[in-house]
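Participant: Spelled out from the first residue to the last, the chains are:
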Amino acid sequence: MSGYTITTDDRIVTLTLKVARVNAINAEFATALSNGFDAARAVEGVRGVIITSGHRDFCVGADINMIFPLRDPEAVYAQCRDLNALLRKIETSGVPVVAALNGSALGGGYELALACHHRVAINSGRLMIGLPEVSLGLIPGAGGTQRLPYVIGLQPAMEHMAAGQPVRAPKAARMGMIDALADDADDLIARATAWINDNPSPTQPWDQKKPKWPGGARPKTPQAMQLFVGASAFLYKKTAGAMAAPEAVLRAVYEGTQLSFDRGLEVESRLFARLATGDQSKDMIRTLWFHRTAAEKVGVGLEHHVSKVTVLGAGMMGAGLGFLSAKAGCEVVLKDIQAEQLDAAREHCAKQARRLRHLDAEAQDAILNRITYTLENEPIRGSDLVIEAIVENLDVKHRVIREVEPLLAEGAIFASNTSAIPIARLAEASQHKDRFIGLHFFSPVEKMPLLEVIQPPDCSDETLHRALAFGKAIKKTNIVVNDGYGFYTTRLFSAYILEGCQLLAEGHDPAVLEYAARSAGMAMPPLKVFDEVTLTLGVHAFETRETITGEGFDLAGLDLVRKLVDLGRTGKSAGKGFYDWDTRTLWSGLRDLVTAEPPAETGLEHLQRRLMIAQIAEVGRVLADGIIRDHKDVEIGAIFGLGFAPNTGGPLAWIDRQGIRPLVAEMQQLAEDYGDRYAPSQTFIDMAERGERFWDPT
Amino acid sequence: MVTEAYIYDAVRTPRGKGKDSGSLYIVKPLDLLVTVLDALQERNGFGPDVVDDVIVGCVTQVGDQGACIARTAVLQSGYGDRPPGQTVNRFCGSGLETVNQAAALVASGFQDLVVAGGVESMSRVKMGSDGGALFDPVMVMGRGIVPQGVSADLLATLRGFTREDVDTFAAESQARAAMAQDEGHFRRSLVPVRDEAGMVVLDTDELPRRGTTAETLAGLRASFQMLGEQFGLDAVIRQAYPHVEKVNHVHHAGNSSGIVDGAAAVLLGNKEAGDRLGLTPRARVRSVAIVGDEPVVMLAGPMPATEKALDKAGMTIGDIDLFEVNEAFAAVPLSFMQHFDVPREKVNVNGGAIALGHPLGATGAMLLGTVLDELERRDLATGLVTLCIGGGMGIATIIERV
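Note that the protein sequences, when read in sequence, are chains P and B. If you use the working numbering, the first sequence closes out at 698, no skipped numbers anywhere. If you use the working numbering, the second sequence closes out at 1402, no skipped numbers anywhere.
Honestly, I wouldn't trust all of these hints.
A few chain P residues facing chain B, derived, Cβ under 7 Å [unchecked claim]:
#1 R11
#2 V167
#3 F228
#4 S232
#5 A233
#6 F234
#7 Y236
#8 Y254
#9 L604
Simulated from the structure, these hints should not be mistaken for laboratory data. Just so it is clear, the structure is predicted and the values come from calculations on it, not from any experiment. Each residue gets a CB set at the ideal place from its N, CA and C atoms; glycine is no exception.
My request is simple: use the sequences and hints to build the entire structure.
Facilitator: As structure tokens, then:
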């Protein structure tokens, strides 16, 4: 129950921490560490201490369950202070302390390692090292912002902490975040012991008389000033000011260069206390930690029973799906009707395989050898799963379904990767509607983590479960929604890009409009992302939507897009659309296409508001239409599928933060002023009347 | 105004190149300042212990320029122990700020005789070596503060100046400075800097590059393009200017103010003080103005400052005969001329900081002397001096010959 064990060998004490199910930093862990270290230090004649873990991972950081409900900065600050005092005790006790990283060291776990004099890790890609706090709207709160700059230099430290991307142990060693790599657990302790033997009384860099940062600028010089201005600007370029945490990282590092070490820790703790108790981290933690963890489990433990996959259509998406399936161990048939397309797909897959650096050439080839590229139907025979990724045309898809289905193995699943056509409409051509499902992937599929699974009423749960299992096999995060035109994500995405076009047609400055989206936290501004998906596809999609749903789109924004298409400005692939892609700037002729008078009300805030609310209104209609099964999927789908502002925690968290009542009133006003697309759905109106929220207040 | 504030005299050192090959690099900023203080005393024949205050502009107040260089210089000069000293930092407006403060003290009747001025040895005390509250990450990320060069390029972008516009302006500044040197227009104010043995270290401005043309400047690479585009500073400015998708980077070393060393001093006083010393006033201060302005573009302050000064003086732009608009960057005087529709013939007629250099804390006081000399040479009446200032400020002074 103590959470630690100590063993002594030749007066070197190994302190093995093993608290609860994982070593996560909370009061229990801190007590174990404190008592364990005291016990180690009390061993007669102790020459050094090796800190390691009895769990699979060294320590995975702060206990998020503990942090999430905290709203009192004083309490958070007190915890930081106590933990910092403990870490200071460890590094200044007078004996060498080595962190022996038997597994991943993340967040506070890596900060504990930083407070040791030396860091050895097992040389394995399984070990992740780093300070990912900003991904949850936090900053390192146990000295990371103060110590890491001394260990790897100011600039690399700021870059690492502001990006919040942990690295694998070998890379961590190259960066200097780890001092040495060990072959295995025994070698780990051997190397730690050897270092203690060689360094009987080490002093941390920040406790030297004249502390020095490795490389580059000395603090309090014009060069250092330039470094911080540059780092601030570089960060701002990425975040457009939407993210509080990475900005706080820079501030903590900067102020640390001006202060004594211990008072620098205090500044970090105070910043941490503000962020940890603020709205942004609460919304980010709820979605990016709790919802995401839950979503990651969807499909786990289920069986897909798929050994042979056919992907129809070998475009970017098809080739990517083929590659991922082969990587997951399936036999793959990539079928297209054009030889050139197959050649391009072959090249694409080869390139992807070569990127898998943790595999040797033989293993890479093994993946590629599982893929058959064909123009014929015959190789499809016996497939357990078909994913069609062909042209978005109902008739063509129906024909292909009829053609392919008879070739499939007994019990095979037919999946469509259509981004919008209702799955039930496609299934009309199928003999096995119980095994017909929608698997909506996002491009580039190797990178985008989301899989939107659409289960129409006739599709069996067994088919759904197998599809979810397959999603996990190719390492996707599954969300499950009901059928309907555009399902969930495509409807949200359409609302977003259409709003961009509509605002442009109203006469708003396109540069301000694009920037408004970025500064609201959207990963990509609407006109730019529309260029990337190609305007012709967009126009086609809206026409298909009209055909299928009978909804009319008499919108000036859409007319504007048609005008661009008529001018041959079809998007990024053509080198020109809303943007001139050679210079990556908005086309100067855009304003001439707009006939509207300059709008009376405009500007950053106005446009931000309308871009967000246009999306929120569509989410309201999606909810009212019964598309959503689980509210968390609204957040996960938006952020991981579309790059919806992660700083908000997703559309529903955004609504809660505004308050549904004032929001509904604002939507009604916008609808009156600018059009029905802003109107709140009945779901929202009902919620406003009852004063409900989507998520419990935190 | 209760009392008229008169300008009795103005002197300056020549401007040396602000690097270790510059002539004045071996001269301490203290000695530069003592040079102009002593010259002012000698030319006007006042004794020790008569000056009420010595107010000196200096931007980078560390190292050789730390510890209140104004008072230190008084102690090294012939002014006696009685005159106190105050060192003022209003960035690039410091030198003119001291003139305005001196004028205000005199006009208020609180003081009779005040020396204003400025000093900056940019070769010895590097710009930015005093740290920077203004460039704290909080200011960059939260207020959109960027290095001035990016602001200058933003100003050019907002006002539509092309690379050719700014280079043409810069070449003309060089031509005018060369002409002014050849014809001795700076003679009246210039005080040579000597060493302890009395040998001349520098007696003429050494920065101008004769033969500079817009064509020769066209070959230079824009200095802030990489900072702006790759390091993200152009993204930072969108906090304040979301419509500026692309900044037109036009400024470079050849069309921006030069880094130089130098000092200047101006003697201001009321009528009685002048009479006591037997001095004839050369001009009076008609009005002064200091304003804060939008800090991201930072350099557009001369316009509102000028408007405020004109308003206070009850004048219009057409009432001013000659202008000195500090050439921090070519876009600044270009903006000024565009905004007020003032002809190039009235602005910076002897060149400006692009050719002659901009010793940060001293420039304002230097420009005051330059415009006064030229008003006398041409026998004109009114002059206006204005400078853009870091952090988004502007300063202006209107003088009139008496």
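Participant: All hints, please: hold or fail.
Facilitator: Checked hints:
1. Hint status for P/R11 relative to chain B: violated, with the closest Cβ pair at about 46 Å, above 7 Å.
2. Residue-level restraint check for P/V167 is violated (minimum Cβ-Cβ distance to chain B is 23 Å; threshold 7 Å).
3. For P/F228, the interface hint holds, the least distance from its beta-carbon to any beta-carbon of chain B being 6 Å, beneath 7 Å.
4. The beta carbon of P/S232 is positioned within 7 Å of a beta carbon in chain B (closest approach about 4 Å), and the interface hint is therefore held.
5. Interface restraint check: P/A233 against chain B, minimum CB-CB distance 4 Å, threshold 7 Å, status holds.
6. Evaluation of the P/F234 hint against chain B yields a held restraint, the C-beta minimum of about 5 Å falling below 7 Å.
7. For P/Y236, the suggested interface contact is upheld, since its CB lies about 5 Å from the closest CB of chain B, less than 7 Å.
8. This hint holds: P/Y254 has a C-beta 5 Å from the nearest C-beta of chain B, less than the 7 Å allowed.
9. The beta carbon of P/L604 comes within 5 Å of a beta carbon in chain B, closer than 7 Å, and the hint placing it at the interface holds.
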